[in-house]
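Top line first, the protein sequences correspond to chains A and B.
Everything in the first sequence is counted per this note's numbering, starting at 28 for the first residue and increasing by one.
Everything in the second sequence is counted per this note's numbering, starting at 28 for the first residue and increasing by one.
Please note that the accuracy of each hint is not assured.
[Claimed, not checked] Example chain A residues on the side facing chain B (calculated, C-beta under 10 angstroms, incomplete): (1) Thr98; (2) Gln101; (3) Pro137; (4) Trp196; (5) Thr236; (6) Val250; (7) Leu274; (8) Leu358; (9) Asp362.
[Unchecked claim] Some chain B residues close to chain A (C-beta under 8 angstroms, calculated; not the full set): (10) Gln146; (11) Ser149; (12) Arg166; (13) Trp196; (14) Val260; (15) Glu266; (16) Ile270; (17) Thr317; (18) Phe359; (19) Leu361; (20) Asp362; (21) Arg389; (22) His396.
[Said to hold, decoys possible] Counterexamples of contact, computed for chain B against chain A with all Cβ distances above 12 angstroms: (23) Ala51; (24) Asp79; (25) Glu145; (26) Asp181; (27) Gly248; (28) Ser262; (29) Ile272.
By construction, these hints were calculated from the structure, which means they are not laboratory data.
Glycine included, every Cβ here is placed at the ideal spot set by N, Cα and C.
Protein chains: 2
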Amino acid sequence: MATSPIGAGRPKTRGIVLNRIRKARTISRVELAADTGVTAATITQVVRELMDLGLVVEVGRGASTGGKRPTLLQINQHARYAVGVLFERNICIIVIVDLTGRQVARTAFPGTALLPPEQALSLVASRVDALIETAGVDRGKVLGVGLATYGPQDRQAGVLLTHQPTAEWFRYPVAPRLSELLGLPVLLDNDAAAAAIGEYWLGAVESGTYGCLYMASGLGGGVVIDGEVYRGVSSNAVEIGHITIDLNGGPCDCGNYGCLGNYVEPAAVIRQALKESSLGQRLELDPADTDVMTGFARIATAAVAGDPAARTLIERSARHLGTAAVTMTSLFDLDLIVLAGPSFTTAASIYQSVIEEEVQRRTFARRAHPVRVVTSVSSSDAAAIGGAVLVLQGELALLELDVRA
Amino acid sequence: MATSPIGAGRPKTRGIVLNRIRKARTISRVELAADTGVTAATITQVVRELMDLGLVVEVGRGASTGGKRPTLLQINQHARYAVGVLFERNICIIVIVDLTGRQVARTAFPGTALLPPEQALSLVASRVDALIETAGVDRGKVLGVGLATYGPQDRQAGVLLTHQPTAEWFRYPVAPRLSELLGLPVLLDNDAAAAAIGEYWLGAVESGTYGCLYMASGLGGGVVIDGEVYRGVSSNAVEIGHITIDLNGGPCDCGNYGCLGNYVEPAAVIRQALKESSLGQRLELDPADTDVMTGFARIATAAVAGDPAARTLIERSARHLGTAAVTMTSLFDLDLIVLAGPSFTTAASIYQSVIEEEVQRRTFARRAHPVRVVTSVSSSDAAAIGGAVLVLQGELALLELDVRA
Chain A
28 MATSPIGAGR
38 PKTRGIVLNR
48 IRKARTISRV
58 ELAADTGVTA
68 ATITQVVREL
78 MDLGLVVEVG
88 RGASTGGKRP
98 TLLQINQHAR
108 YAVGVLFERN
118 ICIIVIVDLT
128 GRQVARTAFP
138 GTALLPPEQA
148 LSLVASRVDA
158 LIETAGVDRG
168 KVLGVGLATY
178 GPQDRQAGVL
188 LTHQPTAEWF
198 RYPVAPRLSE
208 LLGLPVLLDN
218 DAAAAAIGEY
228 WLGAVESGTY
238 GCLYMASGLG
248 GGVVIDGEVY
258 RGVSSNAVEI
268 GHITIDLNGG
278 PCDCGNYGCL
288 GNYVEPAAVI
298 RQALKESSLG
308 QRLELDPADT
318 DVMTGFARIA
328 TAAVAGDPAA
338 RTLIERSARH
348 LGTAAVTMTS
358 LFDLDLIVLA
368 GPSFTTAASI
378 YQSVIEEEVQ
388 RRTFARRAHP
398 VRVVTSVSSS
408 DAAAIGGAVL
418 VLQGELALLE
428 LDVRA
Chain B
28 MATSPIGAGR
38 PKTRGIVLNR
48 IRKARTISRV
58 ELAADTGVTA
68 ATITQVVREL
78 MDLGLVVEVG
88 RGASTGGKRP
98 TLLQINQHAR
108 YAVGVLFERN
118 ICIIVIVDLT
128 GRQVARTAFP
138 GTALLPPEQA
148 LSLVASRVDA
158 LIETAGVDRG
168 KVLGVGLATY
178 GPQDRQAGVL
188 LTHQPTAEWF
198 RYPVAPRLSE
208 LLGLPVLLDN
218 DAAAAAIGEY
228 WLGAVESGTY
238 GCLYMASGLG
248 GGVVIDGEVY
258 RGVSSNAVEI
268 GHITIDLNGG
278 PCDCGNYGCL
288 GNYVEPAAVI
298 RQALKESSLG
308 QRLELDPADT
318 DVMTGFARIA
328 TAAVAGDPAA
338 RTLIERSARH
348 LGTAAVTMTS
358 LFDLDLIVLA
368 GPSFTTAASI
378 YQSVIEEEVQ
388 RRTFARRAHP
398 VRVVTSVSSS
408 DAAAIGGAVL
418 VLQGELALLE
428 LDVRA
């Protein structure tokens with residue numbers, strides 16, 4: 028690793044205190060003690076340790092509550108950084124965030140298409156290197172890279188368990204290889220799970236429990252329960268794009284049939300547009316183009332601009348996503364769904380209103396509680412930011428290890 | 028309440044120790060200390076308190092591991108009891124379990140059909156009273172009643188949020204009213220959730236994480252994560268019968284359309300059998316009969332006996348339940364599905380093999396881990412036993428309250 032974990036083996040109080048300071052932005056020692064239930068003496072000691080590690084700094088004095096004006100603490104945001112990468116064939120987004128989760132640099136390119144793994148990962152590594160360089164970030168302060176991509180995955184081993192986009196990727200050591208290329212730790216995770224936790228960390232949702240529908244080239248899902256990603260037995264949960272919504276539907280590459288994704292994803296909407304030759308011609312859609320996100324963005328733009336044929340297609344995609352949202356709320360019993368990912372950006376308002384209408388009408392437990400649908404604040408960058416956040420969260424988890432247990 | 032909670036406000040160590048003794052059946056103080064990580068001195072004190080409460084007894088000596096032979100402890104199974112009721116229009120099952128979760132008495136009757144709430148609950152109360160009486164259980168030792176039934180529910184208030192089977196039931200205070208009639212605390216819960224936790228408590232599944240498909244008149248689902256029921260925001264989770272599997276399907280009473288339950292439940296299978304007049308006639312199915320479970324059992328029996336037409340129908344129901352299982356495993360990322368409930372009893376082997384084939388072929392993360400399907404050990408009584416277990420678990424949770432926190 029390029030840098031040692033910021034608090035491996037330290038008492039868990041450190042992690043709790045650091046996270047509280049992060050969330051509060053500025054906070055006094057007295058408030059920290061009151062908020063965390065930790066004694067004033069321990070707070071004084073832990074804050075001293077965090078300051079010695081360079082993670083926390085003093086930033087002036089707050090208002091007096093009777094006596095002396097208290098010294099305010101703040102995360103030293105430049106103490107550490109994390110890189111997040113959204114990686115797929117049609118889009119790559121790379122961000123660097125600081126210790127508070129704030130984005131300090133960003134770059135994007137149109138994905139690695141059908142490049143073989145070695146070339147694709149070399150390309151990503153060179154872009155990460157360049158971004159760290161141009162952002163002027165001290166590489167020694169970069170904790171690691173969160174690589175957010177599709178599944179199924181063996182998250183522990185850092186390999187993909189799918190033949191997408193080509194057979195070479197199956198069990199190729201994507202995370203270990205990228206780590207080797209960069210000389211940085213690389214953590215593999217699901218793009219939708221990353222997007223979901225990114226929304227929470229950035230304060231985009233007030234509740235700690237919600238579902239996330241994530242759409243880039245493909246459709247994914249994530250569920251956050253009390254501020255933690257729901258994982259299941261192998262971190263391959265909430266694969267909402269691969270549930271059957273049409274028992275007479277055709278086979279899907281995943282092995283299932285009538286899969287939801289095949290009715291809503293960019294490629295599906297483009298197929299439908301090409302069937303209506305006038306729309307396909309008007310928008311200059313190319314059936315041979317493998318970059319489905321660009322073609323899809325054209326249809327979404329036309330829909331928002333008022334083209335009736337385009338609007339019909341986007342609304343149909345949204346109705347089926349409504350089914351996804353209903354299934355998610357009826358199984359996980361959620362009252363909030365967040366829409367995130369680049370494919371929701373352009374026609375966000377259409378998707379939001381149609382999906383909300385569907386969940387309010389069709390969710391089984393709607394008489395127990397309403398269900399709201401909101402659009403992401405981090406928009407198309409949600410998964411990349413979430414990837415970086417998962418790296419930071421991993422470090423906080425290390426701080427929370429209690430060596431006395 | 029007829030009896031005070033067995034440990035309200037006591038340190039949580041009590042609950043942990045009691046649960047450990049229950050799981051081990053017999054255990055020494057030394058083993059308890061080793062297993063729980065609690066100091067020997069605390070174990071001695073807590074065991075003394077549990078013995079004073081009459082919940083734990085000494086039962087002789089174990090094998091020596093060098094020194095003196097250790098005294099073995101055991102739950103005093105007759106110290107407390109809980110009642111569990113599976114309640115629905117077509118079937119009612121009542122069980123009494125002791126403090127170890129072992130069934131000590133059982134009765135069943137064909138449900139309350141379309142009786143108004145007041146009469147239906149009076150009937151249930153009289154049957155509970157009679158069962159406690161004939162079983163010779165000291166009523167003062169009965170902790171309460173777990174009423175397991177369909178949803179959606181407001182579990183906190185103890186009311187149903189559905190117009191099933193008639194409009195009178197919507198928001199009728201089922202749990203408070205039954206509690207009044209019995210003079211016992213009544214806890215309302217979802218039948219499938221109860222069945223799921225019942226399987227775990229009884230040691231039917233070795234893993235603490237799995238999904239449960241539950242079928243009586245209707246289809247339900249439950250998910251257990253690390254030994255706890257997955258709840259969601261309002262305890263109305265895993266309503267697997269009301270997710271869309273047919274985007275061209277007809278409307279369901281629940282407000283959704285193409286709902287899975289309408290393709291697999293007893294009433295659906297009977298409808299299909301009646302369409303094939305020869306099968307309907309042969310099995311003497313009556314289209315006007317509201318007792319769908321009896322008619323369904325006839326079809327299931329014929330299927331198991333080798334009737335090809337009946338077998339086709341049961342297999343079709345099983346295939347669609349395979350879709351339910353695939354959706355459950357792909358969203359919750361599970362590696363084990365348990366089939367429980369009275370409607371699985373007769374044709375359990377057909378359902379098990381067909382559903383397992385479907386999940387192994389269609390689950391998204393099947394390359395990350397296999398998925399197994401097993402049938403319940405508690406069979407048709409799963410939900411009733413689970414209802415009683417939830418009462419016991421609630422008491423253990425009270426024991427786990429830490430007043431010092």
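Quick rundown of the hints versus the structure:
Hint status for Thr98(A) relative to chain B: violated, with the closest Cβ pair at about 30 angstroms, above 10 angstroms. Taking 10 angstroms as the C-beta contact cut-off toward chain B, the hint placing Gln101(A) at the interface is violated, the least distance being around 30 angstroms. For Pro137(A), the interface hint is violated, the least distance from its beta-carbon to any beta-carbon of chain B being 27 angstroms, above 10 angstroms. A distance limit of 10 angstroms between C-beta atoms decides the matter here; for Trp196(A) the minimum to chain B is near 13 angstroms, and the interface restraint is violated.
The beta carbon of Thr236(A) comes within 6 angstroms of a beta carbon in chain B, closer than 10 angstroms, and the hint placing it at the interface holds. About 8 angstroms separates the beta-carbon of Val250(A) from the nearest beta-carbon of chain B, less than 10 angstroms, and the hint is met. With its C-beta approaching chain B no nearer than about 5 angstroms, Leu274(A) sits inside the 10 angstroms limit, and its interface hint holds. Given hint, Leu358(A) at the interface with chain B, holds; its Cβ is 6 angstroms from that chain's nearest Cβ, closer than 10 angstroms.
Taking 10 angstroms as the C-beta contact cut-off toward chain B, the hint placing Asp362(A) at the interface holds, the least distance being around 5 angstroms. Hint on Gln146(B) is violated. Least Cβ distance to chain A is approximately 25 angstroms, over the 8 angstroms limit. Below 8 angstroms, beta-carbon pairs count as interface contacts, and Ser149(B) has none with chain A, the closest being about 26 angstroms; its hint is therefore violated. Hint status for Arg166(B): violated, given a least beta-carbon distance of 33 angstroms to chain A, over 8 angstroms.
Checking Trp196(B) against chain A: minimum C-beta separation of about 13 angstroms lies over 8 angstroms; hint violated. This hint holds: Val260(B) has a C-beta 5 angstroms from the nearest C-beta of chain A, less than the 8 angstroms allowed. With a least beta-carbon distance of about 4 angstroms to chain A, the hint placing Glu266(B) at the interface is held under the 8 angstroms criterion. Below 8 angstroms, beta-carbon pairs count as interface contacts, and Ile270(B) has one with chain A at about 4 angstroms; its hint therefore holds.
The interface hint given for Thr317(B) is violated, since its Cβ lies 23 angstroms from the closest Cβ of chain A, which is over the 8 angstroms cut-off. Given hint, Phe359(B) at the interface with chain A, holds; its Cβ is 6 angstroms from that chain's nearest Cβ, closer than 8 angstroms. The criterion of a C-beta within 8 angstroms of any C-beta in chain A is met by Leu361(B), whose closest approach is roughly 6 angstroms, and the hint holds. Here the hint on Asp362(B) is kept, as its CB sits about 5 angstroms from the closest CB of chain A, short of 8 angstroms.
Nearest Cβ of chain A to the Cβ of Arg389(B): about 4 angstroms, under the 8 angstroms cut. The hint holds. The interface hint given for His396(B) is met, as the beta carbon of that residue sits about 5 angstroms from the closest beta carbon of chain A, less than 8 angstroms. Here Ala51(B) stays apart from chain A, with its beta-carbon at least about 23 angstroms from theirs, past the 12 angstroms limit. With a closest Cβ-Cβ approach of about 30 angstroms to chain A, Asp79(B) is found to remain outside the 12 angstroms limit, as its non-interface label requires.
Distance to chain A confirms Glu145(B) as a non-interface residue, since its nearest Cβ pair spans about 22 angstroms, more than 12 angstroms. With a least CB separation of 6 angstroms from chain A, Asp181(B) falls inside the 12 angstroms interface cut-off, contrary to its annotation. For Gly248(B), the condition that its CB be more than 12 angstroms from all CB atoms of chain A is violated, with the nearest at approximately 8 angstroms. Interface exclusion of Ser262(B) from chain A breaks down, the closest Cβ pair being 7 angstroms apart, not more than 12 angstroms.
Ile272(B), annotated as away from the interface, has a beta carbon of chain A within 12 angstroms; the closest lies near 5 angstroms.
When held up to the earlier numbered hints, the structure conflicts with 1, 2, 3, 4, 10, 11, 12, 13, 17, 26, 27, 28, 29 and fits the remainder.
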